[in-house]
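For reference, the chains in residue letters:
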Amino acid sequence: MSLRDAGPPIALVVIFGIFAVLSPDFRTVGNVQNIMDAAAVLAVVTCGITFVLMMGSIDLSAPGVMGASAIAVALLVANNRNGNDLGLLGVLVAIGLGAALGCLSGVALVGLKVPSFMTTLGVSAVGLGIATLMFSGVQPNISDEMLHGWAVNRFLGLAYLTWIAMGCVLVGWLIQRYSRLGRYAYAIGGAEEVLALSGVRVAPFKVAVFTLAGSFYGLAGVMVTSQLSAGLVQAGKGYDFAAITAAVVGGTLLTGGRGGVLHSAVGVLLVIVLTNGLVQIGVSPYWQGGVQGLIVVAAVSAAVIPQRRRNQVTK
Amino acid sequence: MKFTSRPTAVVLGLTLAAAALAGCSEEASGGGGTDGGSEASACAPEDVTLVGQVRNESNPYEASWLDGGDAFAEQMGLEQQRLTYDGDSTKQQEQITQLLAGNTDCLVMNILPNGDSDTLPIVEGAQEAGAFLVTQWNKPSDVNVEDYSQWLSHITYDGVDSGQQIGDALAEAIGGSGGIIALQGILDTGAAKDRFAGLEASLEANPEVELLDQQTANFSRDEALAVTKTLLTKHGDKVKGIWAANDDMALGALAALEQAGRTDVAVVGIDAVPDALTAIEDGTMTATVSSDGPWQGGIGLAIGYCVATGELSVDDIAAEDRAWFAEQFLITADNVADFSAPAVDEADFACDNVFSRSQGAIS
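Same order as they appear, the protein sequences are chains A and B.
Mapping to the numbering used here: the first sequence position 276 is 276, numbers consecutive.
Mapping to the numbering used here: the second sequence position 334 is 649, numbers consecutive.
Treat the hints as calculated values from the structure; they're not laboratory data.
One should not assume that every hint holds.
To be verified - With a cut-off of at most 20 Å between alpha-carbon atoms, the simulated DMTMM-like pairs for lysine to aspartate or glutamate come out as follows: (1) A:237 <-> B:401; (2) A:237 <-> B:403; (3) B:553 <-> B:487; (4) B:553 <-> A:25; (5) B:508 <-> B:538; (6) A:237 <-> B:503; (7) A:237 <-> B:538; (8) B:406 <-> B:439.
As the list claims (entries may be wrong) - If you only want the chain B side, here are some residues facing chain A, beta carbon under 10 Å, derived: (9) 374; (10) 381; (11) 382; (12) 401; (13) 499; (14) 542; (15) 544; (16) 548; (17) 569; (18) 573; (19) 576.
None of the values given here were measured: they were computed from a predicted structure.
Note that beta-carbon positions come from the ideal geometry of N, C-alpha and C, so glycine has one too.
When you get a sec, could you build the whole thing from the sequences and use the hints?
Here it is in structure tokens:
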């Protein structure tokens, strides 16, 4: 990691240190586990969105995709609405639904030449529509032992979901580092024209990146369902902007071509540590939103000082 | 654009003329409705159009509201038009504008305004068009229902009272003393403020109960899960009870308790969503408060229907029934069975009975 990338990890350590000094409750092992568990879902969403941001596109489809996959998985595993009991297969189908919606975003982007901002917003609405249709007025609650166990059972002190999230970060990093898909995502964000002129067909890779992101959101929807034991249409509410914030805080540029999955993981921890720490040191809920915003802006501006000249987002 | 053929121009001209005529006749009848008083143009029961509008059907409470409206409509041999606007104020206003642009002579609307500020445009639209309107939950306090002849009634619930009821139930469940944590709703909403004020009143009445911490989880199940986990690590075994400003957050708190392996914490909420009722039946949750969604969906249409058909006159509705608090019910393990299958009672919607659940005028 170069000096240029060191800002966000340093900010993470500093903020963690400040909270640890201020609050004895914050520096307990139990609370660190809690922070890791709380970061799980956001980490998976951010993994997906990072690939899209690396290409210089934006993705607002997470709420819809997560809602659709949350309801889908709740209706496919053992539940109170129907006789299905597909177990792991149900989970895979829900992730597949997420991938399909992601693919739809990508196809609309390259096929119809609609900006990603609009296509993904539209796909989010499509996902919410599908979710509402499947929801049909009655909350599906899961009774599937395996899926429910993911949130409750622990391995080495962390919930299974947290391990799944760590697995996602690892897989995301491997894809980004070693696969053609990951390398091209970077290249598209850096200089799409150069890539196209050198004979690469860019479109299929864009669709593939959105599909990959969709499957991450699908998994995140499944994870929320596991945590709440219920399929919620609103399972993904707010995760789009939380994930974009986390990615940007971690050093992934909105203009593309820089950052990556590990950066974003640091960003997720920063955001979660902040949320948790403000509660632990007893900041009034009436102040929290504002204080959190200020610290995020301060952290980002501190983190981007080394790359200020390159950071086109400041204009 | 350029029209080259003569027939096109003729058709277009005729259409315009027809539209203008229709507009005139509609305005005439609509105008008659507004200044002539409603009983002058009493509608035949079968001509009444019933519309129920809530935020979305993906929320069990609001879905049950529309089901209650359907039940009332069926009782009258009519059909309710179900509208949802996804919590989007602009979309709500557009739907209302479209409704009011149609035939409004015998239009009855039972509306949940998205926020306080959304109520006034809806009211003024209905007044101008001569539609019969009942609103619920949200109304700016300085807007007076009695200033309007078409805005028949505004129904809401005393949030201070519901917050206090579950606060007291929680205090009782933990044996009258111990630490509790509070999960607040969206902080700038009236519901969140009133319900929390109710908790504060309950804390005063139960001096042995200590409020360890209060945080907002924005009425969301997902956020409540994360916040409760954090508060449980912060306060540990001192937490004996969790007060949540709605059931979604109470259910999130229950999930957090389960993941933390805690079974010794009492949880209360408000709204009586089906999952909360199940949790109360199972004994994992202590209490909730019901505003009776199916009744809300039916009652607004019933009041409008009674006035539209001339069985009830706006002038005869008592001042304290124009803006009133409706009765709400504390649900505990003792009476949960009565609420687990939401149903409407036809007698509630009889024209001489529509205000039977009033707990007094909104002060």
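Cross-check of the supplied hints:
1. A:237 <-> B:401: Holds, at about 13 Å.
2. A:237 <-> B:403: The given pair, whose Cα atoms are some 14 Å apart, holds under the 20 Å limit.
3. B:553 <-> B:487: holds, 17 Å
4. B:553 <-> A:25: With a Cα-Cα distance of about 13 Å, the restraint between residue 553 of chain B and residue 25 of chain A holds, given a limit of 20 Å.
5. B:508 <-> B:538: holds, 19 Å
6. A:237 <-> B:503: Satisfied, since the Cα-Cα distance of roughly 19 Å is no more than 20 Å.
7. A:237 <-> B:538: holds, 10 Å
8. B:406 <-> B:439: holds, 17 Å
9. 374: Hint holds; residue 374 of chain B Cβ to chain A Cβ min 8 Å, cut 10 Å.
10. 381: holds, 9 Å
11. 382: This hint holds: residue 382 of chain B lies near chain A, its Cβ roughly 8 Å from the closest one there, short of 10 Å.
12. 401: At about 8 Å, which falls below the 10 Å cut-off, the nearest Cβ of chain A leaves the hint on residue 401 of chain B intact, so it holds.
13. 499: This interface hint holds because 6 Å falls under the 10 Å limit.
14. 542: Constraint on residue 542 of chain B satisfied, holds at 7 Å.
15. 544: Nearest chain A Cβ about 5 Å off; hint holds.
16. 548: holds, 5 Å
17. 569: Nearest chain A Cβ about 9 Å off; hint holds.
18. 573: holds, 6 Å
19. 576: holds, 8 Å
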